[in-house]
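Required output: the full structure, derived from the provided sequences and hints.
Residue numbers (our numbering), protein chains in the order written: chain A, 31 to 366; chain B, 31 to 366.
Incorrect hints may have been included.
Any copy, or any two copies together, can satisfy a pair, since identical chains are not distinguished.
[Stated by the list, open to error] Restricting the straight-line Cα-Cα distance to at most 30 angstroms, the calculated cross-link-like pairs of lysine-lysine (DSS-like) are:
no.: 1; residue 1: Lys138; residue 2: Lys213
no.: 2; residue 1: Lys181; residue 2: Lys60
no.: 3; residue 1: Lys314; residue 2: Lys60
no.: 4; residue 1: Lys213; residue 2: Lys60
By construction, these hints were calculated from the structure, which means they are not laboratory data.
There are 2 protein chains.
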Amino acid sequence: MQYDKILLDHGGGGLLMNELIAHTFLPKLKNAYLDRMEDGAVFDIGGVKLCFSTDSYVVSPIFFPGGDIGSLSVHGTVNDIAVCGGIPLFLSAGFILEEGFPMDDLEKIIASMAQAAATAGVQIVTGDTKVVARGAADGIFINVSGIGLIKYKGIISPRSVMPGDKVIINGTIGDHGAAILCKRQDLGFKSEIVSDSAPLNSLVESILCASPNIHCMRDATRGGLGAIVCEIAEQSGCQIVIDERNIPVREDVRGVCEILGVDPLFLANEGKMVVFCPPEDTEKILQVMAAHKYGRAAAVVGEVGKKGRGRLLLNTVIGGARELDLPTGELVPRIC
Amino acid sequence: MQYDKILLDHGGGGLLMNELIAHTFLPKLKNAYLDRMEDGAVFDIGGVKLCFSTDSYVVSPIFFPGGDIGSLSVHGTVNDIAVCGGIPLFLSAGFILEEGFPMDDLEKIIASMAQAAATAGVQIVTGDTKVVARGAADGIFINVSGIGLIKYKGIISPRSVMPGDKVIINGTIGDHGAAILCKRQDLGFKSEIVSDSAPLNSLVESILCASPNIHCMRDATRGGLGAIVCEIAEQSGCQIVIDERNIPVREDVRGVCEILGVDPLFLANEGKMVVFCPPEDTEKILQVMAAHKYGRAAAVVGEVGKKGRGRLLLNTVIGGARELDLPTGELVPRIC
Chain A
31 MQYDKILLDH GGGGLLMNEL IAHTFLPKLK NAYLDRMEDG AVFDIGGVKL
81 CFSTDSYVVS PIFFPGGDIG SLSVHGTVND IAVCGGIPLF LSAGFILEEG
131 FPMDDLEKII ASMAQAAATA GVQIVTGDTK VVARGAADGI FINVSGIGLI
181 KYKGIISPRS VMPGDKVIIN GTIGDHGAAI LCKRQDLGFK SEIVSDSAPL
231 NSLVESILCA SPNIHCMRDA TRGGLGAIVC EIAEQSGCQI VIDERNIPVR
281 EDVRGVCEIL GVDPLFLANE GKMVVFCPPE DTEKILQVMA AHKYGRAAAV
331 VGEVGKKGRG RLLLNTVIGG ARELDLPTGE LVPRIC
Chain B
31 MQYDKILLDH GGGGLLMNEL IAHTFLPKLK NAYLDRMEDG AVFDIGGVKL
81 CFSTDSYVVS PIFFPGGDIG SLSVHGTVND IAVCGGIPLF LSAGFILEEG
131 FPMDDLEKII ASMAQAAATA GVQIVTGDTK VVARGAADGI FINVSGIGLI
181 KYKGIISPRS VMPGDKVIIN GTIGDHGAAI LCKRQDLGFK SEIVSDSAPL
231 NSLVESILCA SPNIHCMRDA TRGGLGAIVC EIAEQSGCQI VIDERNIPVR
281 EDVRGVCEIL GVDPLFLANE GKMVVFCPPE DTEKILQVMA AHKYGRAAAV
331 VGEVGKKGRG RLLLNTVIGG ARELDLPTGE LVPRIC
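Here's what the structure looks like:
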């Protein structure tokens, strides 16, 4: 179906966003890089293989347990580059500020970006600031684009995913989405859920060092683990089977999801990635993850089935199995 | 003076923006690239010299005579890379859309970006789309970041500007600002002023080919020619003398400026650049410009005086001379 106006779901990382990209963006902007529809573009300049990615951040509220729009914007772009197999090096920061935005908040956000960049080992090297009148934006929006260097020899892409590959996640899912939901809504109890927002580049570097056979990586942001695996199933043309019992979910996140009637499988993460690798490398990668700060609760959550039907099959906790569709949009708008 | 809230002028390319950068951004994000405060960052990855730049576009109205937010966003970032001496190659596009934004307008804007990218010989290789609820943004904001390859051997920077250098502009000033002003305000007459929004990369390539001695280039966007030359005077530490009589201004632009009481010297351009070069290269560069579509009305507008007092001195039409300060902000908010 075609829409004549933009809906919130067009920015939700789900079906409507993919339709917008496929029908509105790609036909006009068509080129070999963009057509891959991956987290970043990979290209060669003067014999050097680079990765380039961009993300705009509109998260609301701008301060939340475990982070803020500043740290999130650095982590998000660092992670997009990392899962392309790139070593993130240089970031840009583009600010759109609403007239009247408190200078104190801006100071905190910049400090948080600086801290996040230092921790991730990247530099913010260029920037831009625009201010719009009161009411023309909601406080602050930040775009962070980034450049990374690719040294890894393998081709990291959904197109490299093979039947038999294992699907590994580096920890509990839904933490970021649940933290934002709790902060935004008055749930009648005090939650201690904290966003998982984190830079994954050092974890990725360890993984790529441990295995020359990584087929695909993707950070499970908007749309959560569910949407990302749906997309990789479609792009790889392989069925992917996920076992719900093996997916790590914090008890308190599960509780909030039950109260609100949402599925953690489709809740956003900001420090979680899925890795697709051949079965013989699984143990090695799990060990590397378990030894890393951001991979302690790593688990094998599924495997890749045969080619032909690029869908996600979920083996549920209660023993059944059902095919999952890409959600229409995001459960929680302005999650990142 | 310090402010506790963001003002419109903090995004105006003038004094307040520079103060925001100097007091809020730089102390926290400090690094050798950002500290240069130039249009883009220049660095080396794997022995290849690259330029990286970002700009967010919030222009209002989004469609104006001579362009729209789509073409403007491509030209703006292409030009930022070009004036760093880079050959722009790859762009990213990050969209922030307001719920309810007309799909037809989005289609037109994307088509315009595609056309502008094709004309400039660059590719939009990665992107991002966020949607915010009605009232949380004004229609559409676009961030375009870009990467260019630097082959030029000279150091293009305000720090390379030398006493005796000539200041050349590639054509009439104030066209973009006047076009936006006329479109925005009901002036009681029909104006035919068209924005000068254009990609300057092929012009820059011809200039760099013609002269190995280019000291500095800068596109004269927010704050206009006046603000840009003020900044270069400050950054180079040299006095710069501009002769008002030699500055090309279209008659109709001058007329609109007189009616509205604004100075074209401080009106934004989107297809104009200043070039600083030694006097012996002036003729060559003027010839190259005059032969190019975007340089027909090129003129020498000033020269660099002695080191020591980094200020802009304007020889006025009526024969006097006065020092000009960087304007506080932009004459016209949301000009780009």
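Hints versus structure:
1. In the homo-oligomer, the alpha carbons of Lys138 and Lys213 lie at most 30 angstroms apart inside one protomer (19 angstroms), although the nearest pairing across protomers, at 38 angstroms, exceeds that limit.
2. In this homomeric assembly, Lys181 and Lys60 come within 30 angstroms of each other (Cα to Cα) both inside a single copy, at 27 angstroms, and across copies, at 28 angstroms.
3. Taking identical chains as interchangeable, the C-alpha atoms of Lys314 and Lys60 are never at most 30 angstroms apart, the minima being 39 angstroms within one chain and 39 angstroms between chains.
4. Taking CA atoms no more than 30 angstroms apart as the test, Lys213 paired with Lys60 passes in neither setting, with 40 angstroms inside one copy and 32 angstroms between copies.
Checked against the numbered hints given earlier, the structure breaks hints 3 and 4 and satisfies all the rest.
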